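Visitor: Residue numbers (my numbering), protein chains in the order written: chain X, 1 to 588; chain E, 1 to 324.
FYI, nobody ran anything at the bench for these hints, they're computed from the structure.
Each hint should be verified, as a subset may be incorrect.
Once the Cα atoms are required to be at most 20 Å apart in a straight line, the calculated SDA-like pairs of lysine to any residue come out as [stated by the list, open to error]:
1. X:Lys-470 to E:Gln-191
2. E:Lys-154 to E:Arg-192
3. X:Lys-416 to E:Arg-192
4. X:Lys-470 to E:Glu-76
5. X:Lys-470 to E:Met-47
6. X:Lys-470 to E:Leu-269
7. X:Lys-463 to X:Ser-514
8. X:Lys-448 to E:Arg-192
9. X:Lys-177 to X:His-189
Chain E stretches covered by chain X per the calculated footprint, using a threshold of three residues with CB under 8 Å from any CB of chain X [what the hints assert, rightly or not]:
10. 26-37
11. 116-130
12. 167-175
Quantities reported herein were computed from a predicted structural model and do not represent experimental measurements.
Think of the CB as a built atom: it goes at the ideal place given N, C-alpha and C, for glycine as much as any other residue.
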Amino acid sequence: MAPPEAVPQPPQPAADAKEASAPAEVTETSAPAEVTETSAPAEVTEASAPAAGVKKAPAPAADVSPDSAPAASVLEARSVSKRFPGVVALDDVSFTLRAGETHALVGENGAGKSTLIKVLTGVYRPDEGELRLAGEQIAFARPFEAQQAGISTIYQEVNLVPLMSVARNIFLGREPKNRFGLIDFSRMHRETTELLDGFGVRVDPKRPLHTLGIGTQQMVALARAVSVNAQVVIMDEPTSSLEPREVETLFRVIEDLRARGIAVLYVSHRMDELYRICDRVTVLRDGRHIHTGDLADLDRMQLVSMMLGRDMAEVRRDGVTSFGSEGHDASRTPVLTATGLSRDHQLHDISLSLYAGEVLGLGGLLGSGRSETAKALAGALSLDSGELSIGGRTLRRLTSAGAIRAGISLLPEDRKAEGIVPGLSVRENIVLAAMPRLSRAGIVSRAKQDRIVDIFMKRLRIKAASPEQKVGELSGGNQQKVLLARWLCLEPKVLLLDEPTRGIDVGAKAEVQSLIDDLAREGLAVLLISSDIEELIEGADRIVVLRGGAVAGELSGDEVAESHLLEVLADHSPAPAGNAPAAKEDPR
Amino acid sequence: MTQAAISTPAARPWARLRDPAWYQEYGVYLAVAVVLLFNALFTEHFMTADNLRTQLVQVAPIVIVALGMALVIGTEGVDLSVGSTMALATALLPLYLGYGLVPALVMALLAGAVVGAINGSLVSLVGLQPIVATLALFVGGRGLALVMADGQLKQIVNPDLLSLGTGSFLGIPLVVLIAAVLAAAVAFLVQRTTFGRQVVAIGGNRSAAALAGLPVRRVLIGVYVLCGVLAALAGILATARLTASDPSSLGTLMELSAITAVVVGGTPLNGGSIRVLGTVAGALLMQLLRATLVKHDLPDSTAQIAQAAIIIAAVYVARERRSR
């Protein structure tokens with residue numbers, strides 16, 4: 001159970017070095033919320049004290065190892081089954097969580113991960129089987145009881161009260177009282193500041209939560225979960241909205257929990273993370289338990305093939321991501337040219353060109369302006385200045401509708417909030433943007449719609465009971481495919497993809513990746529935003545890196561490699577030679 | 001949700017009666033049927049052509065207003081100004097009847113369109129909450145109507161206008177016929193036209209619709225204009241039946257009747273779905289309920305309590321479904 005030295009680790013973004021120069025981050029809308037790395041938390045236990053020299057070793061190695069003696073089990077599920085009408089979500093699943101371990105829970109969507117978590121946290125009651133907490137049989141009637149018993153959960157989507165202050169959120173339901181029985185605000189704010197300092201988050205505890213960036217909100221949720229005396233912390237995709245630096249902080253918190261003997265159940269699609277921080281792994285598939293064991297004993301291929309239930313050789317042939325290995329032949333006249341896109345506080349003089357047949361990666365950390373750039377290119381963000389031309393023709397008034405007419409399509413980052421219309425059918429979601437084209441005199445033609453829908457459901461292999469099924473009932477991966485179909489049926493020239501594979505299962509992810517590959521091969525100009533560095537490197541022919549809302553560098557050819565990208569991201573070295581945009585950004 | 005064992009087969013015929021979703025879908029029709037059955041058995045002189053005709057004539061204006069309201073609620077909005085719009089329409093009629101029936105009708109309907117355009121602009125361009133935006137004309141509209149009418153009730157003597165209220169075609173009162181045709185037209189609009197589907201999509205997810213290039217503002221304004229015009233039409237028909245223009249009382253509390261009809265009909269208040277036929281049935285249910293209780297010599301206040309119970313039941317059923 002040695003910490004994952006055995007597995008190849010990607011070089012870490014040298015976040016510490018970045019702090020020295022303390023660049024102003026534009027993550028937050030108003031000033032004082034910057035996430036700091038260096039502050040060594042005062043109230044943390046001795047175990048993390050060595051880590052105070054955060055410099056070189058943020059990695060686990062320094063820890064008091066919990067594996068000298070096999071730790072006692074904290075939480076145990078025995079032969080748990082859970083059925084829903086029409087489907088068995090969990091079928092005789094058993095697994096044990098030991099004190100002080102970080103336990104990965106993996107599986108494709110529909111494998112039963114969420115159901116298992118909900119059983120463990122008292123949202124569902126198992127139909128069969130039993131739960132044991134510290135050896136004693138327990139049954140939770142409500143999630144609150146599970147929390148009282150010491151099981152804290154951090155959900156993928158932040159589960160707090162947006163309009164309340166940071167401190168109120170952290171102490172919700174257990175506010176410190178003064179002698180008049182009223183909330184002791186000064187103590188609450190003081191303790192919140194101390195607590196968040198331990199997480200490297202510096203933020204005014206009086207600020208309403210919704211004014212923070214999503215990553216910072218996630219850290220607040222984490223702080224709350226940990227501060228309620230948890231014995232078990234369940235994290236459901238905690239990093240999906242964090243930027244690399246925040247991920248580092250999260251990992252350090254997990255190390256700290258480990259040292260205090262708290263068990264962590266960690267759910268993530270990101271292999272890198274699992275191998276970095278998890279001791280053991282449990283694999284579920286189709287509601288059944290497939291494997292539990294030390295993660296170090298499995299290589300990635302073995303793990304992926306267990307999750308997919310696919311032949312090992314087949315997985316290996318496909319590669320880790322499903323992008324073809326060779327680049328695309330990009331033509332040399334740009335389809336889309338953006339010059340000097342600027343918007344107060346968000347974008348500063350961004351210029352870039354997109355060529356037909358290429359995948360242009362847009363790199364950068366959270367808050368670097370990637371999504372804003374994509375939205376600006378799609379006419380969905382009003383600009384202070386800047387020009388957009390497509391096929392040599394300058395677009396005058398920028399609107400979503402205008403951009404779509406000109407052949408620019410944007411797959412937005414937030415699938416739920418900006419993508420799907422959950423109450424409408426798969427068919428209507430696909431034809432949403434194309435509806436005027438599929439109508440005559442304002443009356444929709446079902447025949448035309450059905451034809452298009454049929455083509456794209458087949459091509460993208462959208463799994464739905466029928467085109468009339470509500471899209472809200474589909475899995476994340478299939479929803480994403482529906483959205484891709486919505487844009488592809490417009491036959492765009494430029495496709496802007498903002499985190500196209502975030503939060504979707506491994507199978508769908510592979511399909512989306514190879515689709516992106518195919519589309520570029522067919523001559524589409526694709527802009528790819530991804531915080532999955534592997535995906536960005538393997539998928540893109542060229543990468544423009546943003547930092548603080550401005551172009552920080554451009555990588556092409558052999559420079560499209562992890563080490564180069566991280567250097568530019570972390571502002572570690574002068575941007576690679578031969579890129580003009582970087583010079584523009586130079587303050588001198 | 002792949003394979004695994006399918007565990008609940010053998011659909012028992014009555015099993016769906018325990019499914020709240022079924023009630024949201026069909027509950028309102030079931031309730032109308034139950035009320036009619038009850039009356040057929042226990043109320044004298046209820047299931048007669050005369051009485052049913054009276055019920056339909058009375059409910060027709062509510063149905064017409066509720067159709068527009070259903071569209072607005074489908075966009076996650078609400079229009080409180082419909083009653084005042086009816087008052088405006090009724091106040092304008094006697095002022096322009098001197099120029100003939102058609103100019104008077106046009107002016108009244110135009111007033112509805114203007115009210116709608118103002119509401120729609122406040123909601124979509126200024127970005128006000130619908131309840132606040134339409135509150136302005138809820139208050140101001142009736143005030144303006146009273147000013148125009150000098151605060152007076154005026155008798156209507158124009159025979160053409162009066163025949164709108166009393167006339168019938170093939171034995172069906174014109175008012176009922178107009179409401180039925182409009183219900184069919186709105187149903188078609190919602191189900192089959194680009195505009196209708198865009199309304200539903202905008203109600204279901206405004207930002208997604210905007211990013212998909214839908215003309216969100218135009219559609220929203222259009223919806224409020226339609227709602228205003230329908231309310232004005234209801235005002236005209238109600239005036240014709242009353243044979244008088246009375247802007248101080250016409251259409252008071254109409255907004256609540258219309259919202260009730262829409263909600264009871266199964267249209268969710270959070271947008272993304274519009275049930276036109278359900279709205280008609282919802283209006284009908286409230287009307288029949290009231291008539292039933294009145295026929296059994298119970299005071300009007302009892303009817304209000306019964307209606308409240310129905311509203312709570314409708315909202316409860318909708319809630320059940322969402323939380324599943």
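Visitor: Now tell me if each hint is right for this structure.
Guide: Hint check:
no.	hint	verdict
1	X:Lys-470 to E:Gln-191	16 Å, holds
2	E:Lys-154 to E:Arg-192	42 Å, violated
3	X:Lys-416 to E:Arg-192	26 Å, violated
4	X:Lys-470 to E:Glu-76	19 Å, holds
5	X:Lys-470 to E:Met-47	41 Å, violated
6	X:Lys-470 to E:Leu-269	19 Å, holds
7	X:Lys-463 to X:Ser-514	17 Å, holds
8	X:Lys-448 to E:Arg-192	13 Å, holds
9	X:Lys-177 to X:His-189	12 Å, holds
10	26-37	violated (count 0)
11	116-130	violated (count 0)
12	167-175	violated (count 0)
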